[in-house]
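Q: Each chain, written out:
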Amino acid sequence: MTEEKIRVLIAKPGLDGHDRGAKVIARALRDAGMEVIYTGLRQTPEMIVEAALQEDVQVIGLSILSGAHMALVPRVIELMQAEGLDDVLLLVGGIIPDEDVSALVDMGVSGVFGPGTNTEAIARHIQTTLAAAHS
Amino acid sequence: MTADHTLVQSVLGGDRRALARLITRVENQAPGAFDAVSLLYPHTGHAYLVGITGAPGTGKSTVVNAYTRSLRAAGFTVAIVAVDPSSPFSGGAVLGDRIRMTELAGDRGVFIRSMASRGSLGGLAAAIGDVVRVLDAAGFDYVLIETVGAGQSEVDIARMAYTTVVVDAPGMGDDVQAIKAGILEIADILVVNKADRPGVKNTVRTLRAMLDLGHRLRTVGHHSAVVIQPGAPPAEQVYDFWDVPILETIATEAAGLDTLREVVEQHRAHLQESGTLADRERERVVSELSTRLRDTLLARLLDQRAPDVIEDVIRRMVARELDPGSAVRELINGR
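These protein sequences, in sequence, are chains B and R. With this note's numbering applied, the first sequence covers 1 to 135. With this note's numbering applied, the second sequence covers 1 to 335.
No lab work stands behind these hints, which were simulated from the structure alone. There may be inaccurate statements among the hints.
Okay, the calculated beta carbon distance ranges per label pair [claimed, not checked]:
#1 B:Glu4 with R:Arg108: 27 to 37 angstroms
#2 R:Pro31 with B:Arg75: 48 to 58 angstroms
#3 R:Thr44 with B:Ala103: 41 to 51 angstroms
#4 B:Glu120 with R:Ala278: 28 to 38 angstroms
#5 B:Thr119 with R:Ala269: 46 to 56 angstroms
Residues from chain R shown here face chain B by an in silico Cβ test under 8 angstroms; the list is partial [said to hold, decoys possible]:
#6 Ser90
#7 Gly96
#8 Ile99
#9 Arg284
Glycine is no exception: its CB is placed at the ideal position from the N, C-alpha and C atoms.
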């Protein structure tokens, strides 16, 4: 009777109020069979990591359009490590300049997805990365 | 010690990460999770379980948020289980109850868990029952179970709670909706949220009228249901009547929520003084036992019968060669 589902937290840190992208991703991942916890706007890194811990998610997706990603992402990673969430996949979406992408990946972000990304590609990225981590 | 034993020890020690992990294992009905719940069972019974349900759009999550803040101000710790439906098509879900609960973030005395209904063979109530037990054993004073009030599964879940709060709001097409959902019968307390909206008096009046209509039914129906169980306590409890209060709240402004907290306390005292709490506990155990027996026996039977045998029965039923009653007899007894 065991039934496992991929659980994903989608959060919008920072002050901008545009959550269309986050909602589109949330629905796309639901349609891929995942359980998506959507936490809404203006989340602090502390709130995001605490929610991820309580919800025991395998994936955190951050939607950042404000340009504050180089400040927010390191803070989220730092808190994830402090709470022992090292094995949780961290994804970033939104407006991220090309030159910052490799810096984010170096910090430990598993994937950066800009506008126009095929939502199925994100679901596949999650599925294959988690499957690889399990085997 | 197995991994689950270690998790149990950590949960009892107050480790939030372990708590979250164990809930996942219970929810997944992972092997070993049942044993973990057995180990925790002696540590349960401390938490007071409150069910909060109502139609979409009535502001349940906001009520839960404001009610939790009131409980926290009074010094209680609170766990919240927020249940949302799974998509019947993909099996996935978008769980959005936390959006209304951001004020609770960062408070170590609060633990929020979102749950998808998943829709496995009546397994939701069983899974929630175990999740609630894990949170109870972890030491929370209150466990709030929030569900979308839409049908039988909510009634089953409400049965798990000691006090059930049903949330309504003006302009929801109350009279028809409430009858349809059959949800008034499970309410111990009715909350009319968004009480700053026009039409609130009308909503309260309609609900009051419907409660009065259902009055006779409740006293001999709902609460005495246990009387027909073998070995049940005598029928005096039929006269222990709790007059369902209707409270007005504006949850976005936290108005009326201290009153809700006090009325839940009064209901709790009523249940204890009238002896109804023990009856409810018994009713809950009977209901959970029968649900679990049914699910387990069904799973076992389906396990034992080859898929083509079941497929053949279905084919003959579709072809009108076999009626449902005979099909059941055949699957249980063989041809």
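Q: Would you mind marking each hint as holding or not holding in the structure?
A: Hint-by-hint comparison with the structure:
Taken as a hint, the range 27 to 37 angstroms holds for the pair B:Glu4 and R:Arg108, whose Cβ atoms sit roughly 29 angstroms apart. At about 38 angstroms, the beta-carbon gap between R:Pro31 and B:Arg75 misses the expected band of 48 to 58 angstroms. Restraint check, R:Thr44 to B:Ala103: a C-beta distance of roughly 48 angstroms satisfies the suggested window 41 to 51 angstroms. Separation of B:Glu120 from R:Ala278 is about 54 angstroms and departs from the stated range, judged on CB atoms against 28 to 38 angstroms.
At about 52 angstroms, the beta-carbon gap between B:Thr119 and R:Ala269 stays in the expected band of 46 to 56 angstroms. Satisfaction of the interface hint for R:Ser90 is found here, the shortest Cβ-Cβ separation to chain B being roughly 5 angstroms, below the 8 angstroms cut-off. The closest approach between the C-beta of R:Gly96 and any C-beta of chain B is roughly 5 angstroms, which is under the 8 angstroms cut-off, so the hint is satisfied. A cut of 8 angstroms between beta carbons decides the hint on R:Ile99: the least distance to chain B is about 4 angstroms, and the hint holds.
Taking 8 angstroms as the C-beta contact cut-off toward chain B, the hint placing R:Arg284 at the interface is violated, the least distance being around 22 angstroms.
The structure fails hints 2, 4 and 9 (numbered hints given earlier, in ascending order).
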